[in-house]
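Asker: Sequence:
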Amino acid sequence: MHQRLGTIFGMPRLSYCRPSLPDHEHQILSLLSRNPSRHLSLQIHSKLVTSGYHWNDHKRTIIWNSLLRVYSQGGYPDEALKLYNQALQTSPSFLPTDTFTLSFLLKACANSHRPILGRQFHGNVVKLGLGFHVYVETALVNMYSVCGCLDEAMRVFDEMPERNLVTWNVMITGLVKVGELDIALSLFNEMPRRNVISWTGIIDGFTRANRPKEAIALFHKMMAVDRLEPNEITVLTILPAVWNLGNLDMCQFFQGYCEKTGFVASDIRVINALIDAYAKCGSMKNALRLFEEIIANRKNLVTWTSIISGFAMHGMAKDALHWFQEMEKQGLSPNHVTFLSVLSACSHGGLVKEGLGFFSKMVNVYQIKPGIKHYGCMIDMLGRAGMLEEAEKMALDMPVEMMDVVIWRTLLGACSFHGDVGMGERIMRRILESERDYGADYILMSNIFVGVGRFGHAEKVRGLMDEKNVPKMKALSLLDWRSKNTC
19 MHQRLGTIFG
29 MPRLSYCRPS
39 LPDHEHQILS
49 LLSRNPSRHL
59 SLQIHSKLVT
69 SGYHWNDHKR
79 TIIWNSLLRV
89 YSQGGYPDEA
99 LKLYNQALQT
109 SPSFLPTDTF
119 TLSFLLKACA
129 NSHRPILGRQ
139 FHGNVVKLGL
149 GFHVYVETAL
159 VNMYSVCGCL
169 DEAMRVFDEM
179 PERNLVTWNV
189 MITGLVKVGE
199 LDIALSLFNE
209 MPRRNVISWT
219 GIIDGFTRAN
229 RPKEAIALFH
239 KMMAVDRLEP
249 NEITVLTILP
259 AVWNLGNLDM
269 CQFFQGYCEK
279 TGFVASDIRV
289 INALIDAYAK
299 CGSMKNALRL
309 FEEIIANRKN
319 LVTWTSIISG
329 FAMHGMAKDA
339 LHWFQEMEKQ
349 GLSPNHVTFL
359 SVLSACSHGG
369 LVKEGLGFFS
379 KMVNVYQIKP
389 GIKHYGCMID
399 MLGRAGMLEE
409 AEKMALDMPV
419 EMMDVVIWRT
429 LLGACSFHGD
439 VGMGERIMRR
449 ILESERDYGA
459 DYILMSNIFV
469 GVGRFGHAEK
479 VRGLMDEKNV
489 PKMKALSLLD
499 WRSKNTC
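Going from the sequence shown to our numbering is simple: count from 1 and add 18.
No lab work stands behind these hints: they were computed from the structure. Careful: at least some of the hints might be erroneous.
Unchecked claim - Here are the simulated DSS-like pairs of lysine-lysine, each with C-alpha atoms no more than 25 Å apart in a straight line: (1) LYS347 <-> LYS379; (2) LYS303 <-> LYS278; (3) LYS347 <-> LYS303; (4) LYS347 <-> LYS371; (5) LYS371 <-> LYS387; (6) LYS379 <-> LYS336; (7) LYS391 <-> LYS411; (8) LYS336 <-> LYS278; (9) LYS387 <-> LYS347; (10) LYS317 <-> LYS239; (11) LYS391 <-> LYS379; (12) LYS387 <-> LYS411; (13) LYS391 <-> LYS336; (14) LYS371 <-> LYS411; (15) LYS336 <-> LYS317; (16) LYS195 <-> LYS231; (17) LYS278 <-> LYS239; (18) LYS347 <-> LYS336; (19) LYS303 <-> LYS336; (20) LYS239 <-> LYS195; (21) LYS317 <-> LYS303.
Stated by the list, open to error - Between beta-carbon pairs, the in silico distance windows are: (22) LYS387 <-> LYS100: 31 to 41 Å; (23) LEU263 <-> VAL381: 36 to 46 Å; (24) GLY333 <-> ARG444: 30 to 40 Å; (25) GLU277 <-> VAL439: 34 to 44 Å; (26) GLY141 <-> VAL214: 48 to 58 Å; (27) LEU263 <-> HIS131: 31 to 41 Å; (28) GLU346 <-> LEU414: 24 to 34 Å.
Note that CB positions come from ideal geometry on N, CA and C, so glycine has one too.
All chains, please: the whole structure from these sequences, using the hints.
Answerer: Okay, here's the thing in structure tokens:
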């Protein structure tokens, strides 16, 4: 690498004599145009500085901007801002500043979430009279939107003399991300022209906000009104809305569409999403058929995890375990999501021995640190099987920073189911140490006392609940908790 840089700068590998840069600037630009790594970018930057490169040469502005672009768009926004600050200190009387410079700096502010610094650059935009330039103004809208300053983003957007398609998409995306879907949709309907990116963004917003009917209606409108064909990203965006509604017919429509357009052949993400959608729409038959049609070397970890998760979701524990073992035979290493699926399958199927074995394999063989959901699955599984002491021990062995009251509630539910009063009282005390106003806890404890005929104690628990004005609510069952919080 040093040899390559030395050649470009017209000097020996470790020599720092001043090169004849003009003859080699096109080579520097060629390197920068390839979106080099942070390490290589820093090397280029360092060589420019140590070799006597002058930032105040107007002819070199393009290299300055190229470095800013690499840093701001390549995931190193702080380096872009450091570069600007360094140039500001070494050449305060002149900084290469054009529309590209400011746009890249604003991008860096957005990616590093620095709205205060972004406002300073906004001042530079006004001072230099660049407020008319759509590229710079769009960068401002993006910076304010990404940083959560929607009022300022809208102000810049409203005052723009000219907007392009990117400007509209950036503003709408900003509104979608903060949940202002109705405002975003209103703005979307005002767009003079919309492309697939515009439609995909607004559809994604409604899908993520759990408004699937509206998301699907927008999808149909995109095809019927604007006569635009969805791309792979659109399909990936709309499928969660489809399975949210359990619409199997639409799943089949999308599979046919993706096969016709070649998405199935070209993008494994689409296949994975379709398998997941079929499973969540209740058709493991279609999910498995699609899974088995995939050539073995195309299946990635997400593909395998999707089919395992599908079987686990439907209580088909042995099938889930079978495909987990097949995945291992193919040489793929499961991740924490894969293990969560297989542990869920064991819990659903009452396969305690297998579940303990998989948990041990996750920790000891694959060196995966269990998360709260893994512990929740295990405690739920042990609780269902009546192995309450083992479940309590696992809860007590959890890392302190990971402990959550919901874990104790799961165990309390198991105590209620199996009528273990002593442990129930012990667990209830732990729960009350961290939260005292959740009605389901009191109801579960009261039910435990009723189950063993201790009606007086049950009445005291109910009285304590009234005394503390705890809202009455339906007790949380093991199945309820697991469906919401663990497996």
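Asker: Take the hints in turn and mark each one as holding or not.
Answerer: Here's how the hints hold up against the structure:
1. LYS347 <-> LYS379: 15 Å, holds
2. LYS303 <-> LYS278: 21 Å, holds
3. LYS347 <-> LYS303: With a Cα-Cα distance of about 23 Å, the restraint between LYS347 and LYS303 holds, given a limit of 25 Å.
4. LYS347 <-> LYS371: 21 Å, holds
5. LYS371 <-> LYS387: 20 Å, holds
6. LYS379 <-> LYS336: 18 Å, holds
7. LYS391 <-> LYS411: 16 Å, holds
8. LYS336 <-> LYS278: 34 Å, violated
9. LYS387 <-> LYS347: Distance of about 23 Å is within 25 Å: holds.
10. LYS317 <-> LYS239: At roughly 33 Å apart (the allowed maximum being 25 Å), LYS239 and LYS317 break the hint.
11. LYS391 <-> LYS379: Satisfied, since the Cα-Cα distance of roughly 16 Å is no more than 25 Å.
12. LYS387 <-> LYS411: Between LYS387 and LYS411 the Cα gap is close to 18 Å, so the pair holds against 25 Å.
13. LYS391 <-> LYS336: 21 Å, holds
14. LYS371 <-> LYS411: Given that 25 Å is the threshold and the Cα spacing comes to 16 Å, the pair holds.
15. LYS336 <-> LYS317: 21 Å, holds
16. LYS195 <-> LYS231: Holds: LYS195 and LYS231 sit about 19 Å apart, inside 25 Å.
17. LYS278 <-> LYS239: 21 Å, holds
18. LYS347 <-> LYS336: With a Cα-Cα distance of about 17 Å, the restraint between LYS347 and LYS336 holds, given a limit of 25 Å.
19. LYS303 <-> LYS336: Holds, at about 15 Å.
20. LYS239 <-> LYS195: Holds: LYS239 and LYS195 sit about 22 Å apart, inside 25 Å.
21. LYS317 <-> LYS303: Answer holds: LYS317 to LYS303 is near 18 Å, not above 25 Å.
22. LYS387 <-> LYS100: 31 to 41 Å: 34 Å, holds
23. LEU263 <-> VAL381: 36 to 46 Å: 38 Å, holds
24. GLY333 <-> ARG444: 30 to 40 Å: For ARG444 against GLY333, whose Cβ atoms are near 31 Å apart, the range 30 to 40 Å holds.
25. GLU277 <-> VAL439: 34 to 44 Å: Roughly 59 Å apart at Cβ, these two residues miss the hinted range, so it is violated.
26. GLY141 <-> VAL214: 48 to 58 Å: 36 Å, violated
27. LEU263 <-> HIS131: 31 to 41 Å: 35 Å, holds
28. GLU346 <-> LEU414: 24 to 34 Å: 31 Å, holds
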